[in-house]
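Colleague: Chains as they are written, first to last, in our numbering: chain A, 1 to 115; chain B, 1001 to 1112.
Simulated from the structure, these hints should not be mistaken for lab results.
A hint or two may mislead.
What the hints assert, rightly or not - What follows is a list of derived Cβ distance ranges for each label pair:
{"#": "1", "chain 1": "A", "residue 1": "N65", "chain 2": "B", "residue 2": "S1030", "range": "46 to 52 Å"}
{"#": "2", "chain 1": "B", "residue 1": "T1005", "chain 2": "A", "residue 2": "S51", "range": "38 to 44 Å"}
{"#": "3", "chain 1": "B", "residue 1": "K1068", "chain 2": "A", "residue 2": "N30", "range": "31 to 37 Å"}
{"#": "4", "chain 1": "A", "residue 1": "N28", "chain 2": "B", "residue 2": "D1008", "range": "34 to 40 Å"}
{"#": "5", "chain 1": "B", "residue 1": "P1112", "chain 2": "A", "residue 2": "N28", "range": "39 to 45 Å"}
{"#": "6", "chain 1": "A", "residue 1": "E59", "chain 2": "B", "residue 2": "T1077", "range": "28 to 34 Å"}
{"#": "7", "chain 1": "A", "residue 1": "L69", "chain 2": "B", "residue 2": "E1071", "range": "27 to 33 Å"}
{"#": "8", "chain 1": "B", "residue 1": "S1030", "chain 2": "A", "residue 2": "L69", "range": "32 to 38 Å"}
{"#": "9", "chain 1": "B", "residue 1": "S1070", "chain 2": "A", "residue 2": "V115", "range": "49 to 55 Å"}
Quick reminder that beta carbons are idealized off the backbone N, C-alpha and C, glycines included.
For reference, the chains in residue letters:
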Amino acid sequence: NAGVTQTPKFQVLKTGQSMTLQCAQDMNHNSMYWYRQDPGMGLRLIYYSASEGTTDKGEVPNGYNVSRLNKREFSLRLESAAPSQTSVYFCASSLYTFGEGYGYTFGSGTRLTVV
Amino acid sequence: AQSVTQLDSHVSVSEGTPVLLRCNYSSSYSPSLFWYVQHPNKGLQLLLKYTSAATLVKGINGFEAEFKKSETSFHLTKPSAHMSDAAEYFCVVGAGSYQLTFGKGTKLSVIP
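For reference, chain A alone in the conformation it holds in the complex:
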């Protein structure tokens, strides 16, 4: 099925551990995004990639790094996890940057707990 695939779906980390969240889309979209969702906060943009080979910071980039591996894949890395990074992480993609009238397609999310 066409769409956005995120792995893993669930993860528990200890403070200070590192991990990479993977995201892949098969819709030939140009732009990809990482959001975090916290209760009562809506979705906040962490990083985005307008096109292959480019990445930019969003609203809450501290503590994260990203890699746009190719047109399909966009990974998010936590180098030293902190309890404040406990959240649900969503990857999204769009044909044009920031949706431009078309909206985003979202993955099903990664639920991360840092203890």
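Given chain A, work out where chain B should sit, using these hints.
Modeller: Showing chain B alone in chain A's frame:
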């Protein structure tokens, strides 16, 4: 600059009664507006979008939204609520190359 305000954090309706989820926006440019739905433990799904065509937009599952420029509103409605509509709904605004801004969400409960 742009922003979006969802006026209710929680709405509760009885099954079969109308649904109204309210959204106000601000934007320096002609906006694109979206409503997304998120069912428990799922990702976000696009319900409908406004992109400067017809001001009354029809979406999936019987939902509609009306763009009112004079009121800077984009409220989501459905004539008759179904149990499967229980979810969280997000109003989203975007303009040109500026990033999309998400509202904080409205949780819809449907009482049998």
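Colleague: Look at each hint and say if it fits the structure.
Modeller: Hints versus structure:
no. : hint                          : verdict
1   : A/N65 to B/S1030: 46 to 52 Å  : violated, 35 Å
2   : B/T1005 to A/S51: 38 to 44 Å  : violated, 32 Å
3   : B/K1068 to A/N30: 31 to 37 Å  : holds, 32 Å
4   : A/N28 to B/D1008: 34 to 40 Å  : holds, 38 Å
5   : B/P1112 to A/N28: 39 to 45 Å  : holds, 43 Å
6   : A/E59 to B/T1077: 28 to 34 Å  : holds, 30 Å
7   : A/L69 to B/E1071: 27 to 33 Å  : violated, 45 Å
8   : B/S1030 to A/L69: 32 to 38 Å  : holds, 35 Å
9   : B/S1070 to A/V115: 49 to 55 Å : holds, 51 Å
In summary, the structure is inconsistent with hints 1, 2 and 7 from the numbered list given earlier, while agreeing with the others.
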